[in-house]
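Residues per chain are reported as follows:
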Amino acid sequence: MTPDGNANRRDAVKQPGLWVLLLLTVLGVVGLVALMRTDSGPPARNTLPPSFDYDLSSLAKVDPKWIGYEPTAWFPVAMRVVRGVALGPDGLICVAGDRAIHVLEPDDGRLRRKIALDEAPRCLAADGDLFYVGFENHVAVVDLDGTVSAQWDSRGPDALLTSIAVSQDDVFVADAGTKCVLRYDKSGKMTATLARRDARRNVPALVIPSPYCDVAVGSDGLLRVVNPGRHRIEYFTRRGDYEAPLTWGQSGLAIERFCGCCNPVAIALLADNRVVTAEKGIPRVKVYSAEGRFECVVASPEQLTSTDTMTEETRTAHKLLAVDLAVDRQGRILVLDPAARGVRVFVKKKPHAADDSESGEVNDE
Amino acid sequence: MNATDLNNETPAITAGYDAARRTAWVAWIVVAVICAILLIDYGRRLGAKDLRSLMKLVVGGASTEAAEDPLDSPEFVALREALAKNPSDEGLKRQVRDLDLKLRQEYFQQRRFVRLGAHLLLLSVVVLVVSEKTAAMLRRRLPNPEPVDPSSNATRQAVCGRWARGAVVVLAVVVVVTAEIIASDVSTDLPTNAAELASLGPEPGGSPLVGPFAPAGDVEAEPQTETKTPDFPTDEELLRNWACFRGPHGSGISAYSNLPLEWDGASGKNVLWKTPVPLPGNNSPIVWSDRVFLSGANEKRREVYGFDATTGKLLWTTEAPSTPQSRAEAPQVMEDTGFAAPTMAVDGRRAYAIFANGDVVAVDFDGNVVWSRSLGIPDNAYGHASSLAMYRDRLLIQFDQGADDDQLSKMIALEASTGRPVWQVKRPVANSWSSPIVVQQGDQAQLLTASDPWVIAYDPADGRELWRAEGTTGDQGVTPVVADGLLQVGSEYSEWFAIRTDGSGNVTETHIKWRGEDGLPDTVSPLVVGKLLLLSTSFGVLTCYDAIEGEVLWEKEFDMRFTSSPTLVGDRVFLFGQEGKGWIVALSREGCTTVAETDLGEPCVTSPAMQDGRFYVRGKKHLFCIGHSEEDNTKPE
Amino acid sequence: MKACGRWLFVAWVVAMLAGTAYGVERFPPPEFTNHQLPATQFAPPRAAAMQYVDVALLAGALGLASYLALVRRSRRGLFFLAVASLAWFGFVRHGCVCPIGAIQNVTLALFDPTYAIGLPVIAFFVLPLLFTLFFGRTFCAAVCPLGALQEMVALHPVSVPQWLAHALGLLRYVYLGLGVALAATGTAFVICRYDPLVGFFRLGGSASMLIVGGCLLLFGVFVGRPYCRFLCPYGAVLGWLSKVSKWHVRITPDECIHCRLCEDVCPYGAIEAPTEGLQPEAMPSARRRLVFFALFLPILVAGGALLGRELAVPLSMLDPTVELAERIWAEDHGLVEGTTDASDAYRNTQRPIDELIRAAVLQRDKLAWAGGAFGAWVGLVIGVKLIWLSRSRKQVDYAPDTANCVSCGRCFWYCPQEHIRQGWIGAEEKDAGRTVTLR
Amino acid sequence: MAENQRKIDRRKFVGDGLRIVGAVGIAGATGFWAGRRAEDDDNLWQIDPHQCVACGNCATHCVLDKSAVVCKHAYAMCGYCNLCTGYFEPDANELTTGAENQLCPTGAIRRTFIEDPYYEYAIDEPLCIGCGKCVKGCTAFGNGSLYLQIDQDRCMHCNECAIAIACPSEAIKRVPAGKPYLPKDQNGGPA
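Chains A, B, C and D are the protein sequences, given in the same order. Numbering of the first sequence is given in this note's numbering, commencing with residue 28 and proceeding in unit increments. Numbering of the second sequence is given in this note's numbering, commencing with residue 3 and proceeding in unit increments. Numbering of the third sequence is given in this note's numbering, commencing with residue 505 and proceeding in unit increments. Numbering of the fourth sequence is given in this note's numbering, commencing with residue 9 and proceeding in unit increments.
Extracted from the complex, chain A is given alone in its bound form (with noise of 0.2 Å):
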């Protein structure tokens, strides 16, 4: 064997040199602190950063000073889903759900009676003794023992009731399916559709995008229909003639406005045809004036989440599916709250508490 035969070979596989040693102990070095930063369990801390954050709790907040009413009272009924609450005769509160009716006392909400309904009743209104239940598709009149003394015509598959407003000779019912306005005759002969598009009338059409449309009639004998999708309450006479110089109503996110998808979902005249409204997504229930100024906030999204009368379960569970509203002879607001299931009274605050009258001046324009 030469030398220099020699010295070309190698071994294959080396001795690992100085530097070798040094690379490889430097990679196993980073290699390990990179295994250490990797990801080891699910990221439960929220220690990334508020990439894509949409922070919504933040828009619920709603100013003290605005708040003109307070909360007095608390009646739980037991159902397990709450649709509609109605101000019954001697000032009882009636609260439609399940399959049922609960008449609850007006003081202290004890539970008087139960009227037993063959189907889920969806919206409720009383009438004297009489109390007209909207079903999917069609009303019934019950009176207070239960009796159905009358089952009107169902409205076809396409319909879904979601309120009735009684007037002197007008029983009227938003269809939500259909999207229009009916008006029966206390027979439940049914007299007209009112709201439905019609160009030639001049009247808009109703936008409902998701199943919720509130009718009262006000002591003028208009009938106020919400049109959610617009963010408006618009007016009807008995007829059916759209007053669009009453209508009223803006999106949103202000305090003054209505604010998401379809609002408001409920409202409630107050004795002088001021307007109690409800909205969900950011559940507020606020007061309006008859023209359609903002008054002030009843009750904000942390009373109607908050935690007195709520267990830990159906506090964080609030699904917010919309409210109800009435409104009884002293002036008292019903809020019905399906997630707590019952109904929330709140009365005007003191006079000293929130200057109503400089609150009041707030016009949304």
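The hints are simulated quantities; they were obtained by calculation from the structure and are not laboratory data. Since the model is a prediction, treat every value here as computed from it, not as a measurement. The C-beta atom is built at its ideal place from N, Cα and C for all residues, glycine as well. Treat the hints loosely; a few may be bogus.
Below 27 Å or equal to it, Euclidean Cα-Cα: the simulated DSSO-like pairs (lysine-lysine) are [to be verified]:
hint, chain 1, residue 1, chain 2, residue 2
1, C, Lys-870, D, Lys-181
2, A, Lys-141, B, Lys-583
3, C, Lys-898, D, Lys-20
4, B, Lys-623, A, Lys-141
5, D, Lys-15, C, Lys-750
6, A, Lys-141, A, Lys-213
7, A, Lys-376, A, Lys-88
8, C, Lys-898, D, Lys-15
9, A, Lys-92, B, Lys-87
10, B, Lys-135, A, Lys-41
11, A, Lys-141, B, Lys-558
Across the chosen pairs, the derived CB separations fall in these ranges [claimed, not checked]:
hint, chain 1, residue 1, chain 2, residue 2, range
12, B, Phe-110, C, Ile-929, 49 to 55 Å
13, C, Tyr-556, D, Gly-23, 32 to 38 Å
14, C, Ala-790, D, Gln-13, 25 to 31 Å
15, B, Val-188, D, Leu-103, 51 to 57 Å
16, C, Ala-790, B, His-121, 53 to 59 Å
Starting from the known structure of chain A, arrange chains B, C and D on it as the hints suggest.
Just chains B, C and D now, with coordinates in the frame of chain A:
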């Protein structure tokens, strides 16, 4: 021969080798550059401005996730804020739009850039590998290892073996130390084992004790040791006392007939004593020899009371011990239900109470707590109201909650002396307010439960299901009774069922003797008087059926709401109206006749507990003992 | 309950999200005058049949690799097959599911009857085992994309001292035990989570993952197949099967001339040199050592089990349920401020918190057992290794260490006897200097 | 020699025995697994939209640089609102398609006018990065017709989904390959 010759190193090969070598070098550099660029780009995505801040980010534990909202750019946020202040500024809007477009383009460009970088990196690595391999191939020098003597190999091997053992030991030490560090570094706040969890509060709310991971022995039926003397009351003892809701077998039938038929709360006629009950509760009294037991609760406190049956003295008040559940918020209950709706049970040794929050407590006759247990706050729409039942030395709890498919409802049997679970079965039913009863069907004891939608009979010894029938849908508040082998049960929104109790499996199609639709009660439990079945709605309508055939015999309306369940004393039925007014009626197939009208003078929603010559009934505020007073002339001879 | 107040409002927002999802009712969309309601488009998933194609390819590749290694004895063929496997199983199929990760799937399937495991996954796990049982680790040689990638980059191999290789090789067993323990309890698939190379196959991944992989590959330039030799849990299993394989790659079917070329060229230190075994004078001490280690083994196992049980808490932190329970417990007891998305989401499900805590504790209980088993396994592995290292071995020729040899073919490519056998050189040339030109 | 031969024979015998044991063991295990496996051979990862809380982790935790999660639109559930809370910023300047009004960080939602007062919203999937902002907006205020799903064409089908580890609400599940998508309007809420 020369290796160089052999290796055939022609100039072409040398040139090829050099080219490959150079390519490899270039490829190394390219790989390094691409890696550096990608790293810098990654740092930029994380917000590093220069190399130093990048190093800081990398070392300092910045998030490994670099996807960022392009619109989080501070510039953009500032513009948006400006626009919000000045909503009609068209110029600002244009600026926002331009910047927005730029940011979005950058965002996707960035992604394309990384993608491109990755592909380029892959390509250069391929080039690198190919050129390196080629170079190695072209300049492959054959190694020339020295021959080694196998015997020296043996030495080498022995040395290597020694070193290797040392290394393995070192590795083992490293592993142990690492494990120890990790184990001591990570702490936990949770209870660390099932035993500790059990000690916290046995079987927390709604958790399935039954299941693959339940600690053994806690669920399984405990083997009954032969030497253990049975420690439970005899049937005769049970008959003499009123040990649970509606007395013996939950039938509402008194073993005594020597009870007064007249009383008046206002004048105190035949009221032997009346004692105020500290806390409200809608549970009915239970009696064992000279003790009357009641429970009461509000949102905060849960108490059990022991009264002297003779004098009415409140002997002791025991507060139920605090449990994790009771420290939590009180459950939501209806006022009509309250926090202490379930009636207690007593076995002559201890008395047992359950409250709306799922706390169970056992007290002895002197008011000492024997054990307490929390079953967890039940998910119950009106509040838990199902009363306790007993079978031998077992406390039986119908713990229905949630909807029927929630898998939350269960039947629980606790050992009466210790409170340990003996068995527990899940029930496919919704929440209910009906109480379980235990009756004897031939040789087989049956634990009967009614809920929405199933009526289920269990073997109270081991929880084995005996039979079930479907139909009692809707709120089930009525407690069933059994007479003549027929289970009488129903609810307001379904029907009335008379079910033969000798079935097995699903008996819906086979064992329902008859169904009724009239006078369906919502809360008041039925009473069977001979062959008559008496139903009572809460609105004051009594309906009488033929208990065997199901024929409606008559109806009668009272001007009173009923919540209290009727009780049979001899051949007289005691009825208590919600406002305290009461009727004693005699039944026949033709109708009922009022024998006497009474008035407790206090609203009453509970059912009475009957004993020899006297009975106890709970009013809104007081516990009454009604019996023959000195001047009572109705006293039977 | 103070903590509750804080999370309340946040929880409400989360509740809105999940809650309304159920709250929304089906409602007729608007009646458009002339607009068709579009249908939501869903891209079809890649054909499920591809999985079976993969299985077929795997079987084919395994067969081909075995053929190339054992019959054709073609190093070049194996190399190109490895390139092809890397391209397909690695870069085209993104390295998922691989037999290494399948360990966890099959383990979980053993312990959790509700866990559905697909036939392709079973096949991926089982086929290499079967082939190894008969042909040695031909899977590692040219089919496994991880192996192939490391094979490609092993450009400047240096030798790792045998003693170190012995010790580091134990890490595979530790990793295997950990992966199985965590998979059996359904805690996590750590082998996949820390797969160092899959990021390269996907051409993307989290930074730390890519850095780990990059370091490993650079490491692999100098140390042949670092993952396979020191970390791969599947390799540990294959090694044992390979030990009893029916046929295994041989350096030369002919007589070994003890040229040491094979030993010198093997980058994985898998060639065993001939040795005469223990000298008679060393016998007694060796025997004593053997007995000592054999007696020591149960202690190691027991100690490992005890220590392993202590790992229940850290191991359980990998489990989302335990992590969440820990968080909610801390929130409820005022140990931490605020809430996380996960705790809000759980609270919103209306499932009782106790249920979660209990599930977490039971999971931890299971992990205590799994951790104990893991510790015992590590103790066992160390003990057996010590015994193994204490035995004496007698060998005449140079031969591959069947457990560690990955059948890459370098040894017979270098072997002069093989060259003669293949007719590349004449028999006389080998004595002339044992030098040949490699083709 | 004979002893050597015996040794070799014994070794062969032991080896064969071990191999047989190994092969039988593997075959048995295979049979066990094959018997255990569910009806569907293959599993895919998918998001259950009813459990999703639109936290944003899908955009950041997928192993792919552009997440395999995309937003889908259940047209039948959509209200076709003018004020779409999934499309517009909470306090949008005006209800136009101007960039200053849009919520989507990548502008991946197309808004087209249909007829008064209806607008249709469609997802431009190549642009969608699965961040879920629109989903959050739509679900909180609207009908919840926007929801996240894993695009099975792009999903790597990792053995352990990286987003599933990060998901706060355990919304990412294995679904049978026969049902790769969990659409909201078909599987949806109560009718």
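Inset, instruction - Return the numbers of the hints above that this structure violates; sort them in rising order. - result: 12
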